[in-house]
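Chemist: With these hints in hand, go ahead and build the complete structure from the sequences.
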Amino acid sequence: MPIVLTGHLLCATPAEAERVERHLPAHLAATRAEPGCLAFHVRPTADPLAWQVDEVFADESAFAAHQARMAQSTWARATAGIERRYVTREGAPPVLGEPRRPSPLGGRRPRADDLRRFAADDPRAMDDVLPADPEALRMLIVGINPGLWTAAVNAPFARPGNRFWPSLQRAGLTDRAVDASTGLSGEDEQQLLGRGIGVTNLVGRATARADELSRDELRAGGRRVVTQVARLRPRVVAVAGITAFRAAFSLPKARLGAQDPPLALGWPDGVALWVVPQPSGLNAHETIDSLAAKWREVWAAAARA
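Heads up: the sequence shown is residues 117 to 421, going by this note's numbering.
The set of hints was computed from the structure by calculation and includes no laboratory data. Since this is a predicted model, take the numbers as computed values, not measurements. Note that CB positions come from ideal geometry on N, CA and C, so glycine has one too. Some hints could be false.
Between beta-carbon pairs, the in silico distance windows are [claimed, not checked]:
| hint | residue 1 | residue 2 | range |
| --- | --- | --- | --- |
| 1 | R371 | R185 | 53 to 63 Å |
| 2 | R227 | A131 | 51 to 61 Å |
| 3 | K369 | A336 | 14 to 24 Å |
| 4 | D332 | G373 | 25 to 35 Å |
Modeler: Here's what the structure looks like:
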């Protein structure tokens, strides 16, 4: 059974980051040449002090031999003292995702003062969840924008009470319940990537409520999503929120469900477009069951495409 290691290498200072950059090429080459190494990636994230690490070894003995060599390596000496947050498991090799930053809070839930700190104008408050290979993307889910809780832990739909994750599980799109309130684990990210599901947002700026966004921000977000979809070419795109969709794509009469793609905005031919309800707990019109039914419809459309 393959051994999979995922996580982050977290530098505390630019000097530590410089040591990583200096020694990383030799470390990559040596590890990839080891017997039993199926995949080995150390990739920068949007945080200049953080790298995402993904390793796959053929079996436990190959992984143990790698660990023994590592302990005596120049890399280990050069990076001694740099924090490593890794999780190791047995199982199928993962679908490689785009690099994502770890939770800024290091695995804890945000407090009120944390949430206030993330009410800023950062246009990349949350990293997208996307496969590194666009060919692996079947369905792209587009939220409106990150809430403050989501930005604080860098995980989509992270606030407790949001029905996104429970409705995905009810629809059969994840195997188990996901608790993203402290961040998105590597295993939970794989529940999405392994099925070809990605997550992005119309607008990257975090707010306490989606209605704090201006119409201009939403329209700019619509243009950004069109560009992203043209590059990624998923089978289907599902925008979660009808009011934001109408503003973003200048389609004031749009309704929930399958859409006639807004060709005037350059929507790529052959990519189905759907709008599903906002899964926030504030949306009293929907339940977990009704949201799950919508996800099943979108997933069926992806299967037909």
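Chemist: Each of the hints needs a verdict: does it hold here or not?
Modeler: Hints versus structure:
With their beta carbons about 59 Å apart, R371 and R185 fall inside the hinted range of 53 to 63 Å. Taken as a hint, the range 51 to 61 Å is violated for the pair R227 and A131, whose Cβ atoms sit roughly 31 Å apart. Between K369 and A336 the Cβ separation comes to about 22 Å, which falls inside the hinted range of 14 to 24 Å. Between D332 and G373 the beta carbon distance is about 27 Å. The supplied range of 25 to 35 Å therefore holds.
In the structure shown, a violation is registered for the earlier hint numbered 2 alone.
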